[in-house]
Amino acid sequence: MSPIVKEPEKHVHPMEKLLRMDRIPHIWCPTCGLGTTITALAAAIEQLQLDLDDIAIVSGIGCTGRVAGYMKLDSFHTTHGRSIPFAVGLHIARPKTKVIVFSGDGDLISIGGNHFIHTARRNMDLTVICVNNFIYAMTGGQVAPTTPMTAKASTSPYGCCEHPFNLPLLAASSGAAYVARWTALHIRRLTTAIKEAITKRGFSFVEVIAPCSTLYARLNKLGTGLDLMKFYHDNSIIRHGADLKDVDIEYQSKIVVGKFVDIEKPTYLDCLNEGHKRVFGDKYKPYGGDDGDN
Amino acid sequence: MKADPKNVLTGSHYLDGNHACAEGAIAAGCKFFAGYPITPSTEIAERVSRRFPLLGGIFIQMEDELASMNAILGAAWGGKKSMTCTSGPGFSLMMENFGLGIMLETPCVLVNVQRGGPSTGLPTLPGQADMMQARWGSHGDYEVIALAPDSPQESFELAIHAFNLSEKYRMPVLIMTDECVGHMTEKVVIPPGEARPYDPVDNGGPPPMLPVGEGHRFHVTGLTHDERGYPVINAEAHEKNVRHLIDKIANNVDDIIWLEEKDVDGADVVVMAYGISSRVMQPAIAKARKEGIKVGQIKMVTVWPFPEKRVRELAAKVKALVMVEMNYGQVFLEMDRCAAGKCKTVLVGHAGGTVHKPEVIYKAIKESVK
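Protein chains in written order, with my numbering: chain W, 16 to 309; chain A, 4 to 373.
If we strip away everything but chain A, and leave its shape as in the complex, we get (with noise of 0.2 Å):
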């Protein structure tokens, strides 16, 4: 699989999130998309599906989300970098096979138009609440890579990133991003040049994929596996193949995760985000320090895995730690677990629908330092 540098929309264009988003993965060599058509995610298909015809790539429009995640799996195992969107409704049947793509270690990215909800919700209002869905929607114990754009220019760099991540730790990685984000139109720039090769792990990281086609006969299964692909029924197998899968994250957190930090040295509060929100505390959190209280910030660029070991040593400095999202306390539950009590921990959260008042977040922080 490989990046196609000379298809890539270079230049400055006026583009929105979701537009970005695809070129970002037509950038990357993304040449198989298969998706459903769901508000506020259904820009990214119809863009692929324009442009893809004069590229080589293949749209297909499945008949529902469970085929589109499974059919994205399929195309990978053949050799084609792929990719599918949804939002909420979309997401919750995607749960199933993405789990699937996990246990074959099948390398793809699923993008997450975040809407309001649960069930049908707020099909065009932004939310951030599959935050929790994304970490453990599908069953069993696994790890997921799960990034956040915050901007169209943002949306473009890190659908190629998640193409990189999903074939270096061979797994599905989320893009999480939200209706705010995939509907706003900004300048993206896009720089001449080739997206990232692939550059397989060193360590504890999984082998290539092995094509169809080249006479290895390999068998693959979504029962727990020996290194043969052979299905294994028993607790030590399943064991061996679980911590693989959960290592494979865990053991390279320090490559995987990605923070934006501000003004945190000496800082009494950190406010921390991702996405949307982390641009919507913006003004806040000038407002707080023009008051002179010593506020520093955490944009998480990837949510999951969840940046523990930094949140920890944070917790030990600073008298309170903010999270802002959209959503009544998702990722919040691990900035707090992570705390464990060393410092205040607080939410500013509601139920979505739009995006954060800055005056609420700025009492937030007001607040968090008395």
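Same shape as in the complex, but just chain W (with noise of 0.2 Å):
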């Protein structure tokens, strides 16, 4: 009788479909907020069954700003803080391409701090997914404008003295539709989050609370990634449709959570069209992507 010879079971990444396996292993730290964060973006995509074709995903510079480069989507990796207004670009080109910028706090926030605002006030129909860290990562650790009040950085080494952003007001008060906050070990109502924030039409943000293991875990003396992870996730109080003036976050405070704003307002290129049609009446072709043949 001949021996029974067992095949190794052949292991398939369930979210195969949307990753460039063949970028694999990828350059983050082990317990970094990321992983989750992408797994939430996957299953929101394939829970909303999108056309792969019609998503793209736009990053900028940045730890989270290589996103882009591992999702098996037509993905593009800009420069530092301008993801928001090549997704701009590429939005009014192709308004049937749903356009996912994915970046993180750094680099939406501060260097593309303008950006993010003027394209919340023109309720630009993107999705914003941004990776709070606290901290500048892939450079070294350096303070950002997310970081808390006395957290250490690599460049505040005596603790951070300023007041930090507080990112869902800031949307809000800038116009965006659709304005929430999870941790990256929400990883169901982040997912659920992401799902609404695609659909939604207009400016959606999405802010996730996650981990730097390697650097603002470690500069801070707060242990592991996983340590801080699940520090965040225990310590998040569940609040939607709260006051944002009230969910400033603080060195190691509670982090209130939730879904803060869902309206409905016309998007930038409703506007437009409307606009021009309100000049122009029947001689107007609102635009929609073709190249106008009127």
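It should be emphasised that the hints constitute simulated quantities derived from the structure, not laboratory data.
Predicted model only: the values in this text are computed from it and were never measured.
You may find that some hints are simply not true.
Stated by the list, open to error - Pairwise CB distance ranges (calculated):
1. A:240 x W:305: 34 to 40 Å
2. A:122 x W:170: 24 to 30 Å
3. A:142 x W:69: 33 to 39 Å
4. W:155 x A:360: 33 to 39 Å
5. A:311 x W:62: 54 to 60 Å
6. A:263 x W:289: 45 to 51 Å
7. A:142 x W:261: 50 to 56 Å
8. A:237 x W:296: 44 to 50 Å
9. A:282 x W:178: 54 to 60 Å
To be verified - Non-contacting residues of chain A with respect to chain W, defined by C-beta distances greater than 12 Å in every case (computed):
10. 66
11. 67
12. 192
13. 219
14. 313
15. 361
Backbone N, C-alpha and C fix where the C-beta goes; we use that ideal spot for every residue, glycine too.
Given two chains presented individually in distinct reference frames, assemble the corresponding complex, making use of the accompanying hints.
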């Protein structure tokens, strides 16, 4: 009798359809919050049953900036802070493509802060996912506009002495149609939020509170990334529709999470088409992305 | 991406250079314009914003020039012919993502209506002092194509030419005009017919752009990358990547370089200039020729890539080469380098704010052949 040869089981990554497997292993540290956040994005895309040809992803620079490079979508790795204006051009040129901006807090809110508020003001139909780890991680842990007061960073060795941005308040007051915040361990709720953000017509913003295991956790002696991820999750308070003046994050404080804004308002292209229709009447063919054969 | 012949403003018109440039872009099929107001370029944005709604194009005034440059790159990847315009300070801000456009090999057109600098300088007066910034303003090694119109008519024509070059070589192309050309009003004759269609490169050129949304799932990055667009961070990949960006221009200089030469054969002195300065030098050259000085002239319609071969040839034949430009010697440095000591080189330059006085150019010509 011949011996029974057991072939090793072939493991297929459940997200293989959405990942560039030829680029794995990725560059991120163990217990970084990006893993679960990307999982949530992938799950959201899968659950929405979107045609993958109709989604494009744009990132800036930084740890989170590398996300575009691992997603098997039409993907753009742009310059520091400029993912949003690049996405604006792409979205207007091809409105039928759902454009997702996936980047970090330093990229989107510091160097890209002006683009962020103006694109929210225009209610541009984009989904912006901001992974907030309170620090510039790729460059070695420098202080960010999101670093809580007293937290240590490589360029604030005695503790941060500046007030941080309250991102949901910034997004909402700038004009976003959808604003939510979850931590990287709220995987199911985060997936739902990303689904709602992608489906929403208008500027949608999802803040993801994520641990930086290698720098923020180490510089502040907060244990491993997993410890910090659990801390954020365990110290979060779900308060949908919270008054956004009350959702500031202090150093190792409670974190208010939830869906804060979900409103209907005309998008940039809605307003543009309406405005031109008002002036030109039937001579105006509403812009929908084609080259306008009128 | 296609031209849009039925939207061309055909016929004879009385237009300033900026409006003519906008019409040239429309004739070329430009359908996306992102810009930020800045003197003396704003008339281009204003014209486009008035014309676009009924042509199926989108004009958006962005929050700054950083955003404008990025938006036209994004729109190009979305399949639109795209353009922005600016001047001095805005040009500085656009340099960052001009580099991204070079690295992603993205076709689009950037117009710089040059004014006096540095800094805020002379917003309402002409300059030609951004020429080296055009060549080297973004970090790293790369080649550029820069065109310099000398009139509203040429502003129209070179706008179309810029779009064609940008698609042929898959890169942002610069139109380096100036306040004088931008605001001068002249007759512009626009013939009926199509703008020249996109003609793919056979040799050494880039492959066509991949369209979004057609299942390619491609990735592009400003990082050094391989043929798949994937980041590769090592010296060999960088050599290959950057070499390609340089070779696609360097191997095609004969196709790109556009000079208009006059009386160069047998000349003792050849005067070179681009843009408005090439018109301003005419009375000086005429006067010198009348006095029997053998003066030839070269108008550089393309400034970058620099006509290195031609200048080397001429330097061996003539007594002097003269460069007329509204700065303290930028393109002159290239002319001087290529002359390599074989002939005298003369700069007729000043800080900008006004065009040259013909008398100054005439004197320089006369001195140069002594």
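- Task: Run the structure past the numbered hints and jot down the numbers of the failing ones, going up.
- Result: Violated: hints 4, 7, 8, 10, 11 and 13.
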